[in-house]
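In order, the protein sequences belong to chains A and B. 1133 is the number of the first residue of the first sequence in the working numbering; add one for each residue after it. 258 is the number of the first residue of the second sequence in the working numbering; add one for each residue after it.
Among these hints, one or two may not hold up.
Over the 12 Å line for every Cβ pair with chain B, so calculated as not near, a few chain A residues [what the hints assert, rightly or not]: (1) LEU1156; (2) LEU1245; (3) SER1338; (4) LEU1348.
Derived pair list, reagent style DMTMM-like, types lysine to aspartate or glutamate, alpha-carbon separation capped at 20 Å [claimed, not checked]: (5) B:LYS393 <-> A:GLU1218; (6) B:LYS304 <-> A:ASP1185; (7) A:LYS1162 <-> A:ASP1208; (8) B:LYS308 <-> A:ASP1208; (9) A:LYS1223 <-> B:GLU330; (10) A:LYS1260 <-> B:ASP312.
Since the hints were made in silico from the structure, they are not lab data. Beta carbons: idealized from backbone N, C-alpha and C, even for Gly.
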Amino acid sequence: MITIEWLYVLAGLAFAAYAVLSALDRNNAKRLGNAAFWGLMALSLLGGSWLGDLGNGLLVLGLAGLAGSGAMGRGDPPTTSDAEREAWSAKLGNRLFLPALVIPATALIGTLLYSYTPLAHYHLFQPKRETYILLGLGVLLALILIFAWLRPPASAPLQEGRRLIDSIGWAAVLPQMLAALGVVFAAAGVGNIVGEATRAAIPEGSVFLTVAVYALGMAAFTMVMGNAFAAFPVMASAIGVPLLIQGYGGDAAVIGAIGMLAGFCGTLMTPMAANFNLVPAALLELRDRNGVIRAQVATALPLLAVNIGLIYLFCFR
Amino acid sequence: MMHYVPLLGILVVVAGFALRLNPMLVVTASAFVTGLLAGMGPVEVIKTFGKAFNDNRIIAIVWIVLPVIGMLERYGLQQRARAVILGFRRATAGRLLVLYLLYRQFTAAIGLHSTAGHPQTVRPLVAPMALAAAEKQHGALDEDTEEEVKAMAAATDNVGLFFGEDIFFAIGSIVLIQATLATYRIELTPLQLAVWAIPTAIAAFLIHGLRLLLLDRRLGAKR
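Using the sequences and the accompanying hints, generate a full structural model.
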């Protein structure tokens, strides 16, 4: 059976190659910093299951230390010039989109075939991970197609991958760090404390204000945790279930579903949701690290108000 | 009062981000402050943090697409995306992003949320297309306008994803809501929850779509 570990190995090998190529890149004054950082990521992906909790913890401290001390620079991998790209684009035309579509098509068609045909009986893939595994397969198919068609130099995929991962830098690892911080918060009981404090803020007897505090609490706690998943159990146990559902007899499906979406409005407004807000800023090479958040606030706030209205309206029909 | 003390870890995060310190250090410092104040030992904090990081390695999987995206950029994918948009006479940045918003919400609603995203579609396709359209409307873009269009492209991906995915009943957040409420003996089916994501999805499309059309007006007016 193909498991998610296979994909960790694939990603780990790519990061190991980025580390080696970084170390050899004499145009990057901080090449050893990059090599060490991507090397630690490779070690985590390849050996994380055997390092033990303390080993993994020290690895994370190493990543944070390298990122925080400014040890990383930006490599200068060999690639094509803008003029060459214009020429290729004109020559290849819209066929150039095909390899890009191979990845989503493999993930989509593969998932459908695997889930809804007798193929599922063969247990080829680890359950619930089939889309990720097929995504990895799509990447390999796309690379094979590109090689057969355009015959690039053998090192090109790794050098081009390094060009992109260097442009993102440590922000590529931040989402995983924040997820780990969420676990530490939960272990320290932060959720319970926040739930208690929010409940203390609710005035007695006002249904609308209770709804508003529930939705605003979802958004605010999501902004702190960077993730509505962490906020929902806390707000459900503090306000949603005891006050809105059991106290005022509100519709549980509305409170659950739209409460979560109120949390998503918070996700749009916080740097803690790094993979949605900070990583794209790095990927698109924005000058302002918070540029994406800035662009989202004017959608998030009115939508949060709409969600409060929707809960109030549909919950007590 | 004493049991509020672990919340100082949250304060570390808020202050660290506000002061623009390196987020990797801020997060690590916050983990230590929170864990130590909650009575864990330093080694226990490192172990908890390390185990959680390792358990979340699936987050790093998305980076395996980078070699393919980089290779296609090498052969002019961004330039191709621009050329396609320049071929449509009536294309504008706002209309293009409205279409992408609709596409993203729709595909997320049928469970195809991982087929698009910032590395897969926004950087190589959507952002260069939006920039090309904006240049047609506005002439050469100054840096602030270019930054605004790129940021809106990323924002549109997020809005489309967040307010489409919950309509699909087999998504993690729906399962989480169901499982959480089930601990209070409130039994709901995923479908009962998913239908209530539809009103917000419509509102998100209207609000964000209106903002995109307003972006078009600003781009046209500055000409």
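Each hint, compared with the structure:
no.: 1; hint: LEU1156; verdict: 18 Å, holds
no.: 2; hint: LEU1245; verdict: 14 Å, holds
no.: 3; hint: SER1338; verdict: 23 Å, holds
no.: 4; hint: LEU1348; verdict: 16 Å, holds
no.: 5; hint: B:LYS393 <-> A:GLU1218; verdict: 18 Å, holds
no.: 6; hint: B:LYS304 <-> A:ASP1185; verdict: 5 Å, holds
no.: 7; hint: A:LYS1162 <-> A:ASP1208; verdict: 11 Å, holds
no.: 8; hint: B:LYS308 <-> A:ASP1208; verdict: 34 Å, violated
no.: 9; hint: A:LYS1223 <-> B:GLU330; verdict: 14 Å, holds
no.: 10; hint: A:LYS1260 <-> B:ASP312; verdict: 16 Å, holds
Violated hint: 8 only; the structure is consistent with all others.
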